[in-house]
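Trainee: Top to bottom, those sequences are chains A and B. Everything in the first sequence is counted per UniProt numbering, starting at 1 for the first residue and increasing by one. Everything in the second sequence is counted per UniProt numbering, starting at 1 for the first residue and increasing by one.
Don't read these hints as lab results, they were simulated from the structure. One should not assume that every hint holds.
The list cannot tell twin chains apart, which means a pair is met if one copy fits it or any two copies do.
[Claimed, not checked] With a straight-line cut-off of 30 Å between C-alpha atoms, the simulated DSS-like cross-links for lysine-lysine are: (1) Lys-173 to Lys-92; (2) Lys-23 to Lys-144; (3) Lys-189 to Lys-52; (4) Lys-52 to Lys-25; (5) Lys-102 to Lys-23; (6) Lys-87 to Lys-151; (7) Lys-5 to Lys-91; (8) Lys-25 to Lys-231; (9) Lys-102 to Lys-120; (10) Lys-120 to Lys-53; (11) Lys-87 to Lys-135; (12) Lys-219 to Lys-5; (13) Lys-87 to Lys-107; (14) Lys-91 to Lys-151; (15) Lys-53 to Lys-25; (16) Lys-53 to Lys-207; (17) Lys-144 to Lys-25; (18) Lys-207 to Lys-87.
2 protein chains.
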Amino acid sequence: MKSIKYLTQHEAIVMDQLLMGDKYKFPTESLMELAGLSVASIIQKVYPNISKKVLTICGPGNNGGDGLVASRHLVQFGYDVEIFYPKKTDKKLYHDLVCQCKHEDIKFLGELPDNSLLSKEYGLIVDSIFGYSFKGDIRAPFDKIIEQLSKTDVPIASVDMPSGWDVEAGNIKNLFTPALLISLAAPKKGAESFEGIHYLGGRFLPKEFLRETNLTIPKYNGCDQFVNISKNNNNNKN
Amino acid sequence: MKSIKYLTQHEAIVMDQLLMGDKYKFPTESLMELAGLSVASIIQKVYPNISKKVLTICGPGNNGGDGLVASRHLVQFGYDVEIFYPKKTDKKLYHDLVCQCKHEDIKFLGELPDNSLLSKEYGLIVDSIFGYSFKGDIRAPFDKIIEQLSKTDVPIASVDMPSGWDVEAGNIKNLFTPALLISLAAPKKGAESFEGIHYLGGRFLPKEFLRETNLTIPKYNGCDQFVNISKNNNNNKN
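Work out the full structure, taking the sequences as your base and the hints as a guide.
Mentor: This is the structure:
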């Protein structure tokens, strides 16, 4: 396949500003719905048979929103999902997303279960804490949460970036490495060294946007909302 | 399979009011994105190899909006799409949807090509003129358009209801019958007699909503955004 372009943090920020700005005019709701749906679809593809619960940990920004949407779709796909969302965002969009999740019978946890409870009751952790815009220090309460994630044996699926990783330099703080990484729209430079299962979701970049930014993205098949871009995936040699 | 419930027009209207109202709090943008994506995915499933163009005809309401979203996704899937949208809706959501389509290089036609041009250049017509809320007479310019659709030999895929059909009594005006009908969320009574290829899309009804309304919907597989509910489909006998 053509070599994949990995975005700098600046390029990723500009991409989102462009898509949701005056030119491309995507409402956040639409892109978040597609991003979250692709996250859930990839999890269904990679982990079709999880007998235990799925725990989604949501951060305070759009990455957390993607996790809320993904959780709602995971319930539609038959998963038993719980959410830990310690710093809820006080915006209508986020209140609505929480409300939608509650009507899917998703339980919101008051605290993160300890690692022995995690191992016992949960088959997958969805890390939607921080995405492409993360910078600097990991603030409380996410510092402790990410520290705990380094020690769990439950597989972790990270949304867009493994939380706490430098968006360009990768895992320089020696934090957890997820089993599955789901990049959105285009992978970021910090994910270039990632050796695990790596999928791309968020199939919504307009033709004109790709021309304007000279961006090459991997080829999706049919109506799939995802494509496997793992380094050891033989199917993506086209 | 369990017998499918076909909604009355009143039930369909109440369903949408509930989903987008104060209880379930779905933004129109989210549901329209999922509906339109499912329409495009079903078309990709049923007509994977259309060498000619696809023409989407959009009506003035939400059914037209679903067609705009579907068209955008069809381009993502590799189709060459044009849109005829004679009565554009003067709301921000619709201006934005048109803008998004234009950035996918979709051409908006000033008039409907005549039937000889349709046959020559188009492999599929997507009818997203009227949906579940249609009632009464077919107003201009859609009366002539629907009359023309009765005479074309290009296959038609109708979104939610074949346009002009009575939502409960079906094709009582003896209008065109589509090759493919894509019901959204739940099929409507007027589609009960439909004998062609029939899919259900719009996989977003919350668990609590299904309990509250005592509604049974067909079982979707995996992360599929659609399910085949055609009468002659052997796969749906579960």
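Trainee: How would you classify Lys-53 and Lys-25 at a CA-CA limit of 30 Å: within, between, both, or neither?
Mentor: Cα proximity of Lys-53 and Lys-25: across copies only (26 Å, versus 37 Å in one copy).
Trainee: Within a copy, between copies, both or neither: where do Lys-91 and Lys-151 come within 30 Å Cα-Cα?
Mentor: neither (33 Å within a copy, 51 Å between copies)
Trainee: For Lys-219 vs Lys-5, is the C-alpha pair at or below 30 Å within one copy, between two copies, both, or neither?
Mentor: within (13 Å within a copy, 39 Å between copies)
Trainee: For Lys-189 and Lys-52, with the copy left unspecified, which applies at a CA distance of at most 30 Å: within, between, both, or neither?
Mentor: neither (33 Å within a copy, 39 Å between copies)
Trainee: Can you tell me if Lys-87 and Lys-151 fall within 30 Å by alpha carbon in one copy, between copies, both or neither?
Mentor: Answer is within; shortest intra-copy Cα gap is 22 Å, inter-copy 59 Å.
Trainee: My question is about Lys-207 and Lys-87: at a cut-off of 30 Å on alpha-carbon distance, are they close within one copy, between copies, both, or neither?
Mentor: Result: close only across copies, 26 Å inter versus 36 Å intra.
Trainee: Using 30 Å as the alpha carbon limit, work out where Lys-120 and Lys-53 are close: within a copy, between copies, both or neither.
Mentor: within (10 Å within a copy, 54 Å between copies)
Trainee: If the cutoff is 30 Å on CA atoms, where do Lys-25 and Lys-231 land: within, between, both or neither? Let me know, please.
Mentor: Neither, since 34 Å and 40 Å both go past 30 Å.
Trainee: Using 30 Å as the alpha-carbon threshold, which applies to Lys-102 and Lys-23: within, between, both, or neither?
Mentor: For Lys-102 and Lys-23, only the inter-copy Cα distance (11 Å) is at most 30 Å; the intra-copy one is 35 Å.
Trainee: When no copy is named, should Lys-102 and Lys-120 be tagged within, between, both, or neither for a Cα gap of at most 30 Å?
Mentor: within (24 Å within a copy, 51 Å between copies)
Trainee: State whether the alpha carbon distance between Lys-87 and Lys-107 is at most 30 Å within one copy, between copies, both, or neither.
Mentor: within (16 Å within a copy, 44 Å between copies)
Trainee: Checking Lys-5 and Lys-91: alpha-carbon separation at most 30 Å within a copy, between copies, both or neither?
Mentor: Cα proximity of Lys-5 and Lys-91: none, with 33 Å in one copy and 37 Å across.
Checked against the numbered hints above, the structure violates hints 1, 2, 3, 7, 8, 14 and 17; every other hint is satisfied.
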